[in-house]
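Visitor: Single-letter residue listing:
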Amino acid sequence: MSSSTQYNRRDFLKITTTASSGLFLGFNLLSTKKLNAAVYAAELADNFNFNAYMSIGTDGIVTIFSPNPEVGQGIKTSFPMTVAEELDVDWTKVKVEQAPLDAARFERQVAGGSGSTPHSWKRLRQAGATARQMLVEAAANQWKVPMSECSTDKGVVLHKTSGKTLTYGELALEAAKITPPKEVKLKDRKDFKLIGTFVKGVDNPAIITGKPLFGLDFYREGMLIAMLQRPPAFGLKLKSFDATTAKAMSGIVDVVSFKNKVAIVGKTTWEVKKARETVKIEWEKENNLESTDDHNRLFKELLKSDKAEVRRKDGDTEGVFKTAAKVLEAEYQCPFLSHSPMEPMNFFAHVTADKVELIGPTQNPQPVRAEVAKLLNVSIEKVTVQMTRMGGGFGRRLRSDFALEAAELSSIIKAPVKVMWTREDDMTGGIYRPACRYRFRAALDKDGTLVGYQLRGASINAGDATRAGNNFPVGAIPNVLIDSIDHKSPITTGPWRAPITNFLAFAEQSFLDQIAEATGKDAVQFRLDLLEKAQKSPTGAIKYDIDRFKAVIQLAAEKAGWGKKKKDVFQGFSVYFSHASYVAQVAEMVKVKGKPVLKKIYCAVDCGIVVNKSGAMNQVVGSMVDGLGHAMYGNLTFKNGAPEQTNFNNYRLIRINEIPEVEVYFVDNGIDPTGLGEPALPPLGGAVANALYKATNKRINNQPFMNGNDDLLGKLL
Amino acid sequence: MPTPQSVSNPIKNNLKNVPMANFSLKVNGKTLSADVSPDTPLLWVLRDHLGLLGTKYGCGIAACGACTVHIDGAPMRSCSLPVSSIADTKITTIEGLSEKGDHPLQLAWDEKDVAQCGYCQAGQIMSAAALLQKNPKPSDADIETALAGHICRCGTYHRIIEAVKLASAKK
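Quick note, the sequences are listed as chains A and B, same order. Per numbering that gives the first Met the number 0, the first sequence runs over residues 0 to 716. Per numbering that gives the first Met the number 0, the second sequence runs over residues 0 to 170.
If you are wondering where the hints come from, they were derived from the structure by calculation, not from laboratory data. Possibly wrong hints are sitting among the right ones.
Reference excerpt, derived from the structure (chain B facing chain A, CB under 7 angstroms, subset only) [claimed, not checked]:
| id | residue |
| --- | --- |
| 1 | F22 |
| 2 | G28 |
| 3 | L52 |
| 4 | C58 |
| 5 | G59 |
| 6 | D87 |
| 7 | T91 |
| 8 | A114 |
| 9 | L146 |
| 10 | A147 |
| 11 | I150 |
| 12 | H157 |
Glycine residues also receive a C-beta, built at the ideal position from the N, C-alpha and C atoms.
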């Protein structure tokens, strides 16, 4: 490998013959040790624990435990980088291990909300700095010199005046005995050697050679495979089933039923899949079987309803709309979306009298543990959760349903089992981005000033679809009314990358452009003027930082050459604050044979300090591609409670031949890191829609864009 | 789609018990055998029977490319290839692409730090390897055509193109 970073020993594969059929595989996630909490306690010979995050071996190899689940956000690399920076160790001597769930040792073991780095930044640095200080103290004791005369560099403690050196490996035994200092000094940002550099993913070597890493790759001797038949529509429940044929098929061990599901259990995936197709199941109606057409009608009623819940109220919107010189109004709608991570849902469970062992891809292991303990009525101490690398999540794996299925099934059949979802199961099995429709209204006075603003959110199972109640442009407008109303549906929903704002931002940024146009102002200047107003004469509470907001707008505009392009280049602007970060984007289009073509997106990001230059870039570009693809194509529709899209042949995702050029700039302001897994997604759709308007003089207010707009769009991507 | 009113799953007559057979496969230069039903897709023979877990399941209908392997050097979707249809072919999986994980594309994928979640990347690399075999200096359009059958849900496409170009330049 070109990388010299050391990697864990995950790559062995044990093949053992079983009596029954062919080969079963055992690969062990955390080397050969037991899978309980002691795994990462570094009981390895010649290794010494410094704190929850690391141990140091006498060979100088530093093992850093990464507590948070890795879903592709790069946390398994950036967390250890942060510890290693303060420890002052050579990155090539660092080995990274995924820690299992352990609430006693770690906080917030979650991959969600773009919160891992902001939450852990200080804690990780302190862990590294504390261990570093203990190593320095051990060296100073040995040399009988003051600690202040010692310094560290790349895993070595140095005494400048005598020229003596000791490696961390040589010091580990003695240093680990020292009482950890209560306070440590963290590095000045200018002294960072690792943070802010391009560091490759620690699992790269395993990924590119096909080593088992993911939940679906987890096999254990004697493990069974199961697929479940779930209700084919939301609103149906199980009435009866006949599995006579399935039970007689080769490789099938059992067919059992629980919670409106029928589980087919067998030895291999294909045998189980084939057997499942032979099970005769009768379903019966227990709730409304809703269709997309029903929702479309419902949205119009909800937008007129007098039962909406007020989320924000400033001034007197009723009055100002009555006296307004001009009123603008627009509505925007988005469909349900499937998360569709490339690795479908799956989980392994082994429930015995003494313990419940859970292994698999989860963004949120703590609820998995708590919910399984409750479901099986066992004490939580008996339940362990081990996280595999995830083949994507996008919010779907924040939920525990698939792990609960595995646990319940294992407890029924009394055997270790991996529950697998096919792609069809994954797409039709529920937990979607909720469908929403927004109505915006703006009141302009006789001078063209924006004096009133109304937002009504209507949604299907979204809760509050306007959740950004104190986000921009609120604060800049004297009279504001934001309210929302939600329809409870049998169709299940959940957080989907940048929940709510993944569509709300598009609607709002499209509407702001419409207001700017009506006032005769440039789109960028209009936003800057509003911010200026929020700064000088704010209305109510706001949660955004005006200077950071302005800076990111100006950076994007400058880099994109906003307002300076030739006439046949059409640019659209969008900016959004989410997950404590600021992202501004400019989409650039040209026309080819009279049709718009998206050529490029400029992006300016303020997420504070960038920890890993490579990982940060991946998150931003990935979010942009994600936002673009779903704005263009994403569409999950329902007929009588059943999803009409079932797999990637009829649910379109963006592909490699459809991506525009991108240029990304990070604001360098030295502020502690804020979120980055999501913030570059929300503004994307608005930038594209606003550029499209410039190019075609037409507005597309509903997503996906490619839904009845073929003539207008041609081949946009 | 099953409609909620049609209350039973379709029963397929061809899904009766099919007798197992022993299939001998040439995988990554070795001859391996598996006792499976003849309709078993190569993907599941590799994963469930031969312990080769680098080839991924993504869609099962040849629409995402995660399961791509080489059959006599050509990129094929192993999820849709019954094991009985590939007798006497030479099968290469990601594990057999290079002995030491140092195929120019593997090195380029690492250097460009392409992967986010990483799940689709083995399939992408296999298609890219077949492309470079045929066309050592592909244009951007050639790369896009060769990889348009793959889905990366994390959106790593820009770096995939960079990595293929890097490998092509070094080769």
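Visitor: Each of the hints needs a verdict: does it hold here or not?
Guide: Status of each hint after checking the structure:
Of the supplied interface hints, the one on F22/B is violated, with its beta-carbon coming no nearer than about 11 angstroms to a beta-carbon of chain A, more than 7 angstroms. Interface hint at G28/B: violated, since its Cβ lies 15 angstroms from the closest Cβ of chain A, which is beyond the 7 angstroms cut-off. This hint holds: L52/B has a C-beta 4 angstroms from the nearest C-beta of chain A, less than the 7 angstroms allowed. Hint on C58/B holds. Least Cβ distance to chain A is approximately 4 angstroms, under the 7 angstroms limit.
Interface hint status for G59/B: upheld, as the beta-carbon distance to the closest one in chain A is roughly 6 angstroms, under 7 angstroms. Taken as an interface hint, D87/B does not check out: its beta carbon lies about 21 angstroms from the nearest beta carbon of chain A, beyond 7 angstroms. Look at T91/B: its Cβ only gets to about 11 angstroms from chain A, farther than 7 angstroms, so that hint breaks. The beta carbon of A114/B comes within 5 angstroms of a beta carbon in chain A, closer than 7 angstroms, and the hint placing it at the interface holds.
Contact between L146/B and chain A, as hinted, is supported at the beta carbon level, the nearest pair being about 5 angstroms apart and thus within 7 angstroms. Because the closest C-beta pair between A147/B and chain A is about 5 angstroms apart, less than 7 angstroms, the hint holds. Hint on I150/B holds. Least Cβ distance to chain A is approximately 5 angstroms, under the 7 angstroms limit. Because the beta carbon of H157/B sits about 6 angstroms from the nearest beta carbon in chain A, less than 7 angstroms, this interface hint is met.
Hints 1, 2, 6, 7 from the list above are not met by this structure, while the remaining hints are.
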